[in-house]
Structures are given as C-alpha cells and as structure tokens.
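Q: All chains, full assembly: derive it from the sequences and hints.
Protein chains: 2
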Amino acid sequence: MKKIAVIGYGGQGAWHCGQILKSDVCTLAGTYDIREVRRAAAAANGIHVYGSNAELLADPQVDAVVIATPNDLHEALVISALEAGKHVICEKPVEMSVASVDRMVAACKKAGKLFTVHHNRRWDVDFMAMKQLAASGQIGKVLNLESRVHGSRGIPSDWRGEKEHGGGMILDWGIHLIDQILQIFKQKIVRLYCTCSHITNQEVDDGFKLELYFEDGASAHVELGTYNFLPLPRFYMQAEKGSALITDWKHKTHVAKLTCWVEKDVTPVQNAADITKTMAPRDHLTLDEYDLEIPQSDVHDFYRNFCLAMDGKAEQLVTHQEIRRVMSVVEACFESDAKKQTLEVNI
Amino acid sequence: MKKIAVIGYGGQGAWHCGQILKSDVCTLAGTYDIREVRRAAAAANGIHVYGSNAELLADPQVDAVVIATPNDLHEALVISALEAGKHVICEKPVEMSVASVDRMVAACKKAGKLFTVHHNRRWDVDFMAMKQLAASGQIGKVLNLESRVHGSRGIPSDWRGEKEHGGGMILDWGIHLIDQILQIFKQKIVRLYCTCSHITNQEVDDGFKLELYFEDGASAHVELGTYNFLPLPRFYMQAEKGSALITDWKHKTHVAKLTCWVEKDVTPVQNAADITKTMAPRDHLTLDEYDLEIPQSDVHDFYRNFCLAMDGKAEQLVTHQEIRRVMSVVEACFESDAKKQTLEVNI
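Chains as they are written, first to last, in the working numbering: chain A, 1 to 347; chain B, 1001 to 1347.
Rather than coming from a laboratory, the hints here were simulated on the basis of the structure. Beta carbons are placed, not taken as given, at the ideal position from N, Cα and C, and that holds for glycine. Any given hint could be a false lead.
Within a straight-line C-alpha distance of at most 16 Å, the following computed EDC-like cross-link-like pairs (lysine to aspartate or glutamate) qualify [what the hints assert, rightly or not]:
#, chain 1, residue 1, chain 2, residue 2
1, A, K339, B, E1344
2, B, K1277, A, D158
3, B, K1339, A, E344
If we take Cβ atoms under 8 Å as the criterion, some of the chain A residues that face chain B in the derived model are [unchecked claim]:
#, residue
4, R153
5, A256
6, T259
Quick list of the computed label-pair ranges, beta carbon to beta carbon [to be verified]:
#, chain 1, residue 1, chain 2, residue 2, range
7, A, G140, B, G1018, 37 to 43 Å
8, B, S1052, A, N346, 57 to 63 Å
9, B, A1135, A, T200, 24 to 30 Å
10, B, C1260, A, A76, 39 to 45 Å
11, B, G1140, A, K109, 50 to 56 Å
A: Printed below as a string of structure tokens:
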C-alpha cells in the first residue's frame, strides 16, 4: 500500500482523503491546509494533520502527494513536492498556462518522479459511454460531438470567481470537458473558436462555448453554462451511420442507427405552418433505435493506475502530452475569446 | 375577394393553390408551370392552367401573383409581374443577394404595387410561443436564443442541391429560421459567425450553424441539420430571470422561472464521477416550472393581411426592410463560412 498525503483540505482535498481512506492500493498519510478551520475539520474526521507543507513533504513515509489548493498555487507546490522526492498528483487545472506546465514537466524529469493531473471525469459514465460508442464504430466515424453541462447557480462565490487564483469556468469544469473531448478526438485541432459569458461575473468567465475543428473535418462543441435554468442534453453525437444522445449523465445512451439511406422520393409531412420533405421523419425500415447500457466505472482506477505507475508496472493514465494539449486548448480559448475570432492552431 | 394567380406548380406552388382555394379573402385565378407534367397535375386538380406566364400576367382579372419557382428565377419573374401591374408575393428565399432584393424593391416602387415575401413560418406555433414569451417579459430580457431544426434525409435531390438554382439549406429552411430570429431580436447585429456542413452535398450547404451577436450583448444560435438521426430540442431560451425549452414543434413551451437567486452556500451533489456545487440543481423554493399553452395560429392571416394591404387598409406584414435584413444576414453567412472567421457587421 502506497502512502499518500493531501495538500489542501477544501472540497476537492477532502474528497481525495475520503477516496484514499477507502482505497485498496493506498493509505492516507495525512493532510495540511493553510486555513485553521480546514485543519480542524480534517482532525475532526480523524485524519492526521501535519504542522506545515514542509513537514508533510519531509515525511519519509509519504510516497506521493496530492495538490488540491487554489489553482494559482499549483506550480510552486508541485515543484516543491517533486524536489522533495515525492510523486505528485495535481488537481485540475494543472495551472493557467502552457509555460507553467512545461516548468512542472521539467521539474518532474529532473526529479525522476511521477507527475500527473487528476482528470477524474474520465470516469464519468456519460463520457465513457460516448468514448466507447465512438471506439466501437457501430455508427461509424464521429463527424461532430457536442458536450454540454448546464447549471443555474452562477459561478461559485469563492476564489473560483477571482482571476488571480485561476477562477472561471474554463479552468474549472471546462478543463474536464476539454480533456474528455480530446480523449475521443486524437487527431490534430486545426482551428478553434471560443466565446465566454459573463452573466454573473465580469472578472472571469461564468460559462463558455468552444468549437473545435479537427484536421479530418470532424468537429466538437464544448459548452459550460451556469445560468441555464433548464439543461440541454449532456452529449449529442453525429456520426457517419447514425446519431446518439445522452439526456442526463444518469441516463442511458440512445442510439439511432441508419440501416438504409433510401434515395427514393419522400412524402412531405406537416411541420408547424408548412409542409416539408427535408424534415420528414424516418421509420424503423431505415433507422434502428436502441439504448446502450450505462458503462461500469470506478474512480479508484485512477489511484490503482498511479500506484502501479510508481512501481514502473504501468504507464500513467493521464500523460504529460495530454496535460499539455488540454492546456494549449485552454490558452487558445482565452485568445479566441479576447480577439472575438476563430484561431488557426496546430494542437 | 382578390384574384391570385400562382407561377410554378411544384410543391410550394401547389400548397399556395390549395390554401387560396380555401381562403376567405382571395380566390385562385389559375397557375402556370414550365413543366408539362406539373400543368397536367394542376388541371387534374381542377385548377385553371394558363398557356404561359405572359398570358397569366396579361389577365386583367388577376390582382396579385405568387412566384413559386426555383430561387434563381425569382427576380426576373417578380419584376415582370410588377411591370404587368400585379401585386407580388414571392416565395422564400426572395433571391440570392441583397443587390437582387434592391432591384426588386426599386421595381416595386416604380410600379406602385405591393411586393412581399412568403415568410409563412412566422405562423409556426413553436416560433410564435418563443416570440410571445420574449415579448411578455415574464422571464425578463432574452440573453440567448437557440433555434434548431434537425432532419436526417440529406438535401433534397432536385434543384435544391444545385448552386446555380439557389440550392442549399441556408436559402431553404435557413431563411425561415433567420427571419424568425430577427422577428424576436430587432436590435442591431454587430458580429456573426457561420459554418456550413457538406455531409451529403459538396456543391451547396446541407446544414449550417450561425451565431448572431447583437449590440446589447444578446446572442442567438440558428442551426439546420439534414444528417441528424436524433433531433436536439427545437428552441432553447436563456433569459435574465429563467430559461425556456420547446422539445418539438408540437410540444408546449416548458418554462423554468427564477423566483429567488439565493447566494447562501450550496450543498455539493454527486455528478457522475465527482461532486459539484456549481451544477447542484435548484428546487421549487427558488425555481418555478410550468408549461405555456400552444399559441393559436392561422396561416391564412398572411393572405388576409396582403389582401387588406392591396386596398391600403393595412401595412404588409413582411416588409422590405425585413426582407433586406434577412438577405443581408444570408450574404454574411456565406462570407463568414468562406473566410472561416467571424464577421463584424452592422445589420
């Protein structure tokens, strides 16, 4: 069993502590938080609380450290932990720039320890269903994939609303959604377009819409909203031989698979105030509709992989190349939004 | 009762003939179509068939002419009909350029007759519901409106697939959807971005996505797809005090109205592989959900208005300014798609 310590006992740090306490591959060494109230909360939960980050990093029993602080503190803490000879799991977003990622990766190589990012939403069952459907080829090549998460509570009123701490929704939920999309589309991004919303916060984005265009003509839409009192469907896929839809993350994937194109003349149908041939629905003779089972998911697989990787028995699941690619998209998002233009890229 | 003749007895011309035969304000003088098979079809339906367009336009009993031909023939026929002293209803799209619209409007002013475009989808009950909701102010100012129509039959295999005849979906369904949006957003468009799809046709667009940005910060998304085997919801509205959704044109509008923002701390909820405060759902204490009745609609109101306008007793519902504005957006759509960039506009 590997021993893991957690720096930061906020929402995400406490979540890690809870997961590690239940893990079959690692145990919790303890935690440290700069806020007294959070240290007291950890202690009340029976968790060992270090006297400082330095004391935590100096503990020879600690194999790996989870960094779960506000985003602007990640780089310094990741590099300190690597220099202290610890393997490092950093919460997302890893940082706010590609240059910062490059410095962390350089520190990682110098230290000869592992460094990864906790992209735990790769274990979201809705995303897994889309990834599995795309990989199966059952409705052919993916032409367009749309990923939306809609909430209605605005941006959280803590540091997530402040630019200097790396607030905003692109760096919060956005980084998950972008990472998910790039797990499905491995081909190069040649162009992107991003617009941010500022309905409840002028300093940072409280939502965004991102269009990604890939070298083979495929496209993806990534959208996050915090002022949506009704949600649009979570995932929508257009593929060469059908479409698929996930209404809500708890729901099954609904698939409509084209079985026969049929070029013969179509009977027009009434549609609101007019008739239409173009929008005439298909029937079961040319379209097969069915549901896919919800995939099995276990977030502990993240820790299992990382503990194996520490012993050189597996490649880490979230790679440096992937971490850098996601951050490159994030940087381009901010640039596209500021310029109000599409950007030609090679990501 | 005004006497109306219809040039073109294809799908839309036959539809007009059928409507005029049932009208309480006008009667059908007859039709002409350059194709013998369509003239025979009209005759078989008991409709008077003229020997030529010239004979139709020379009939002194005809008050107004409907032009329902392929799009590239509209300008010449509209101008001929105006010069023959007839009022003119042109099918959509009026033509393929703003310059063409300007020539038709000039001919109209010279002739002293009416000229309008048959934007009959202003009588679509789904659009009417959105327009009425926006005007009612019950969920405040509209921040963003998304209009989608998804079919799965590709582009029709007649002239609608050919560029020289004005084919493509922007000029077909698109012009309806753009006209509808501009009936709700009267403020200036300052920027737009459009991308066309070419899944089933390389010559013309078989679908498009258009983003419109207005001078007051509001935005609209207009989307038409012909390779969507499952549809996304027809309309989605985000407003200052709530959201609204129409799943399908036959369905009622579902409204979620914010009654109280509540800034106090939110309890995180499980969402797939992680917890989230941002996406925690609201309850009935801060959100009121209800359905709106489907509006009453009667497409005959188009003819009723036009017949009143012929006698100077009403303003024509579809104005020259509106016709020109829609065509200006269409021109900008093609330019944005060709440049793969957003366009700064003043429309």
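Q: Each hint needs a verdict: does it hold in this structure or not?
A: Now the hints, each set against the structure:
1. With a C-alpha separation of about 12 Å, the suggested pair A/K339 and B/E1344 falls inside the 16 Å cut-off, and the hint holds.
2. This hinted pair checks out: B/K1277 and A/D158 have alpha carbons roughly 12 Å apart, not beyond 16 Å.
3. Between B/K1339 and A/E344, the direct Cα distance comes to roughly 12 Å. Compliance with the 16 Å bound is thereby established for this hinted pair.
4. The closest approach between the C-beta of A/R153 and any C-beta of chain B is roughly 6 Å, which is under the 8 Å cut-off, so the hint is satisfied.
5. Hint status for A/A256 relative to chain B: holds, with the closest Cβ pair at about 4 Å, below 8 Å.
6. For A/T259, the interface hint is violated, since its Cβ never comes within 8 Å of a Cβ in chain B; the closest pair sits about 11 Å apart.
7. For A/G140 paired with B/G1018, a C-beta distance near 40 Å keeps the hint of 37 to 43 Å intact.
8. A hinted range of 57 to 63 Å for the beta carbons of B/S1052 and A/N346 is consistent with their spacing of about 60 Å.
9. Take B/A1135 and A/T200: their Cβ atoms lie about 25 Å apart, and the range 24 to 30 Å holds.
10. The hint said 39 to 45 Å for the Cβ distance between B/C1260 and A/A76, and at roughly 41 Å that hint holds.
11. For B/G1140 and A/K109, the Cβ-Cβ distance of about 54 Å falls inside the hinted range of 50 to 56 Å, so the restraint holds.
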